[in-house]
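Asks: Mind docking chain B on chain A? Use the hints.
Sequences listed follow chains A and B, in order. Mapping the first sequence onto the working numbering, position 117 (from 1) lands on 117, and the numbers just tick up by one. Mapping the second sequence onto the working numbering, position 348 (from 1) lands on 348, and the numbers just tick up by one.
Heads up, a few of these hints could be off.
Stated by the list, open to error - In silico DMTMM-like links for lysine to aspartate or glutamate, alpha-carbon gap of 25 angstroms or less: (1) A:K88 - A:E78; (2) B:K335 - B:D170; (3) B:K210 - B:D224; (4) B:K341 - B:E137; (5) B:K341 - B:D138; (6) B:K335 - B:D349; (7) B:K73 - B:D138; (8) A:K88 - B:E431; (9) B:K210 - A:D61; (10) A:K88 - B:E391; (11) A:K88 - B:E186; (12) A:K88 - B:E417; (13) A:K88 - A:D61; (14) B:K314 - B:E436; (15) A:K88 - B:D413; (16) A:K88 - B:D124; (17) B:K210 - B:E197; (18) A:K88 - B:E438; (19) A:K88 - B:E333; (20) B:K335 - B:E131; (21) B:K341 - B:E100; (22) B:K335 - B:D124; (23) B:K335 - B:E313; (24) A:K88 - B:D423; (25) B:K210 - A:E276; (26) A:K88 - B:D422; (27) B:K335 - B:D311; (28) A:K120 - A:E20; (29) B:K210 - B:E68; (30) B:K73 - B:E333; (31) B:K314 - B:D145; (32) B:K210 - A:D261; (33) A:K88 - B:E436.
Claimed, not checked - The following label-pair restraints were derived from C-beta to C-beta distances: (34) B:E255 - A:A98: 38 to 44 angstroms; (35) B:Q367 - A:L159: 56 to 62 angstroms; (36) A:G163 - B:D422: 48 to 54 angstroms.
None of these hints come from the bench; they were simulated from the model. Using N, Cα and C, we set each Cβ at its ideal position, and we do this for glycine too.
The lines below spell out each chain.
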Amino acid sequence: MKSNQALEDGRVTPEFVENERKKRNRRESLTGYAMISPWLIGFFGLIIGPMIYSFILSFTDYDMLSAPQWIGVSNYVELFTNDPRFIKSLQATLTFVAIAIPLKLAFSLFLALLFNTGRKGSGMFTTIYYVPSIIGGSVAISVVWRQMFGRDGAVNTVLDAWGLNTISFFGNSTAAMSILIILIVWQFGAPMIIFLAGLRQIPQDLYEAASVDGAGTIRKFMKVTIPMLTPIIFFNLVMETINGFMTFTQAFLVTGGGPRDSTLFYAVYLYEVAFEFLNMGYASAMAWILLVIIGAFTLLIFKSSTFWVHYD
Amino acid sequence: MKKWKKWMGLSFLCLMVAGCSPGGPDDTNDDAGGTDDSGSASEEGQTTIRFSWWGNDERHDLTQEMIELFEEKNPDISVEPEYTGWDSYWERLTTQAAGENLPAVVQMDNSKLTEYISSGLALDLNNLIDEGTINMEDVNDVYQDMLVVDESTYAISAGSNGLATIYNQDLFEEYDINLEPGYTYEDLEEEMARLSEEEGEGFWGYDFVKAEYETFFHYARQFDQHFYNQEGTGVGFENETLENFLSIVTAWIDEGTATPHDVTVEINESGESMVANEEAGIASAASNGLIGVQTLAEADLGLNVMPNAADGEKSGNWVRPSMSFMISSNVSEEKQEAAAKLIDFITNDQEANEILRAERGVPIAAQVRENLVEEVDPTVQETFEFLEVLEERAGDPEPLPPPGEAEVRAAFDRMLESVKYDDMTIEEGVESFIQEAEQILNQ
Numbered sequence: 001m002k003s004n005q006a007l008e009d010g011r012v013t014p015e016f017v018e019n020e021r022k023k024r025n026r027r028e029s030l031t032g033y034a035m036i037s038p039w040l041i042g043f044f045g046l047i048i049g050p051m052i053y054s055f056i057l058s059f060t061d062y063d064m065l066s067a068p069q070w071i072g073v074s075n076y077v078e079l080f081t082n083d084p085r086f087i088k089s090l091q092a093t094l095t096f097v098a099i100a101i102p103l104k105l106a107f108s109l110f111l112a113l114l115f116n117t118g119r120k121g122s123g124m125f126t127t128i129y130y131v132p133s134i135i136g137g138s139v140a141i142s143v144v145w146r147q148m149f150g151r152d153g154a155v156n157t158v159l160d161a162w163g164l165n166t167i168s169f170f171g172n173s174t175a176a177m178s179i180l181i182i183l184i185v186w187q188f189g190a191p192m193i194i195f196l197a198g199l200r201q202i203p204q205d206l207y208e209a210a211s212v213d214g215a216g217t218i219r220k221f222m223k224v225t226i227p228m229l230t231p232i233i234f235f236n237l238v239m240e241t242i243n244g245f246m247t248f249t250q251a252f253l254v255t256g257g258g259p260r261d262s263t264l265f266y267a268v269y270l271y272e273v274a275f276e277f278l279n280m281g282y283a284s285a286m287a288w289i290l291l292v293i294i295g296a297f298t299l300l301i302f303k304s305s306t307f308w309v310h311y312d
Numbered sequence: 001m002k003k004w005k006k007w008m009g010l011s012f013l014c015l016m017v018a019g020c021s022p023g024g025p026d027d028t029n030d031d032a033g034g035t036d037d038s039g040s041a042s043e044e045g046q047t048t049i050r051f052s053w054w055g056n057d058e059r060h061d062l063t064q065e066m067i068e069l070f071e072e073k074n075p076d077i078s079v080e081p082e083y084t085g086w087d088s089y090w091e092r093l094t095t096q097a098a099g100e101n102l103p104a105v106v107q108m109d110n111s112k113l114t115e116y117i118s119s120g121l122a123l124d125l126n127n128l129i130d131e132g133t134i135n136m137e138d139v140n141d142v143y144q145d146m147l148v149v150d151e152s153t154y155a156i157s158a159g160s161n162g163l164a165t166i167y168n169q170d171l172f173e174e175y176d177i178n179l180e181p182g183y184t185y186e187d188l189e190e191e192m193a194r195l196s197e198e199e200g201e202g203f204w205g206y207d208f209v210k211a212e213y214e215t216f217f218h219y220a221r222q223f224d225q226h227f228y229n230q231e232g233t234g235v236g237f238e239n240e241t242l243e244n245f246l247s248i249v250t251a252w253i254d255e256g257t258a259t260p261h262d263v264t265v266e267i268n269e270s271g272e273s274m275v276a277n278e279e280a281g282i283a284s285a286a287s288n289g290l291i292g293v294q295t296l297a298e299a300d301l302g303l304n305v306m307p308n309a310a311d312g313e314k315s316g317n318w319v320r321p322s323m324s325f326m327i328s329s330n331v332s333e334e335k336q337e338a339a340a341k342l343i344d345f346i347t348n349d350q351e352a353n354e355i356l357r358a359e360r361g362v363p364i365a366a367q368v369r370e371n372l373v374e375e376v377d378p379t380v381q382e383t384f385e386f387l388e389v390l391e392e393r394a395g396d397p398e399p400l401p402p403p404g405e406a407e408v409r410a411a412f413d414r415m416l417e418s419v420k421y422d423d424m425t426i427e428e429g430v431e432s433f434i435q436e437a438e439q440i441l442n443q
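Chain A extracted, bound-state conformation:
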């Protein structure tokens, strides 16, 4: 009522202004929340909710067919003390991440450098080279991969034609791991595009100054490009490491975790436990350990960044 009076008087009191602003703020934030509500519903309903549920399940014995039984931290104890396959899957995943991710980053940086010349047509090539990243994670590509490296597949046919020994890619641990690494490195598109954007941000005068000082191509790359690119390398490293730990489709479809569990990546083992052995509680515990592991590695990269990432 006060505000109405204020209007009739033709005068604007400070309370009136304050009130109106509050009202508008409230309305605005309400509109804002309403606007993002589809995302909010998804976030709480599909992400936070299931996460909390999986956390609770990780303390239970749950086969999905009967009600969960509370068993405390037994799942976690079992994982660390009495599950050789858990350890094996960790080893396989770490080996994979340690080799595939640096390779992928190096390769995508190399290609980004090639495309950064600004020559005619480099844009088209960038697009073409991005394609594997779009389709690489798909089931179809995994199936193609399996065919290609199969006993009578393209690769062995070529080896045979050159008079070389054919390789049983799915019967040999090293070979199986290698084809998965190649498949992941092949999906270099996303980091490549980001590197390319980063390269274009580097001021040309730095290179000019370096040239004046007599620096050659390699020296310019080491002393100008790399330091200027460290924030981008850092970003790509974090993203790719996280993705690397969660690699599933490729390993599940191409090697199925074999031979002899040598490519039993963490996510593949998790799936097996959850949906083939119906140990949903145990699998939930595994998912949470993976969260901690990924968190720890990300934290490590962040901590180390003070030593090698330059922001100016």
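Replies: What follows is chain B alone, placed relative to chain A:
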């Protein structure tokens, strides 16, 4: 920045956790577009039941045609089909079980049934059978034995099959190989060594098709032992039995008489068949597997029983349901009754079986089987005839595997792989496998 990082990591994982949580995409009926186009809107006084199965397109079509006939004959019941392929079937079914939303009629696999029984999800069908809602008078017990636990019938066989071997008839004739039922591993080895030698590189006599696990069921039974003990708490065979079996397997592989492991794995995963490819002479199989494998092969294929152990005392053979139908215990009594009618229809109705064409296995009702045998393809007929051979030679019924079977089987396959690659000796492998199996089964 730091917070942002945490959230990023967190949300990525959530995505994964969410992806692995129950409630994946609903992919039923994705290829058939709708459950029913002829008035599935249930009318007054109609009972609607859901019926789920896994299979390929052929089974989907045949089964839906059968359902239409059933609805015609039972206007008071409406059936909603739910069907998918094998892999997504179990994910879907466990999710439905977790949500207490199982379909009334569920197609079941022998390896999974005990888990549903022990969780109280499978209805005891004895009453419905005694009342005659499901008429089992024309069905020989041998077809149902596996599905009866402590005198309660928990499922009705959808068709029978048995462990068998599929062989290349043309090739066997060419080399004059004659293996009469009752032949032993030694007989087989001798012939296959000869065949492998004559056919040369890239050919192996025997293919275990990654089915050493099942083959060993057959092997152990001959020594009056079972894979699992009666209580389902551990294995039911002696170390020596498995050791002997594994020495046969590894010796054959070393000699080149059986396919090397990597080849078997690859062929098996790509859905091909070594016998159909004419890269192997004979392979382990389920008897109704012949129908599919024959379509891939140029040569004429035949069925035989599995080899016997030379010193075996009993029959290793048994007739088993290739799959079965259970009724969910958490649907209303009215729906249970309707579900029973549907199962009875599938089991005993002549017209229904003419539509279904024994695609799920050899029909269990004698009259149906007799009438149908004339109408099916020669290959299917062969599976009918083989089952008669098997029935004559069948030994004791085999109990259902206990809950946790999937995990034990995976452990068995891993152990076998290690033994084949010489990571472990046979004795070590057997010892560690038995321990692992006990640990899994006692969880």
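Asks: Hints the structure violates: just list their numbers, smallest first.
Replies: 2, 9, 10, 11, 14, 16, 19, 23, 27, 28, 29 and 36
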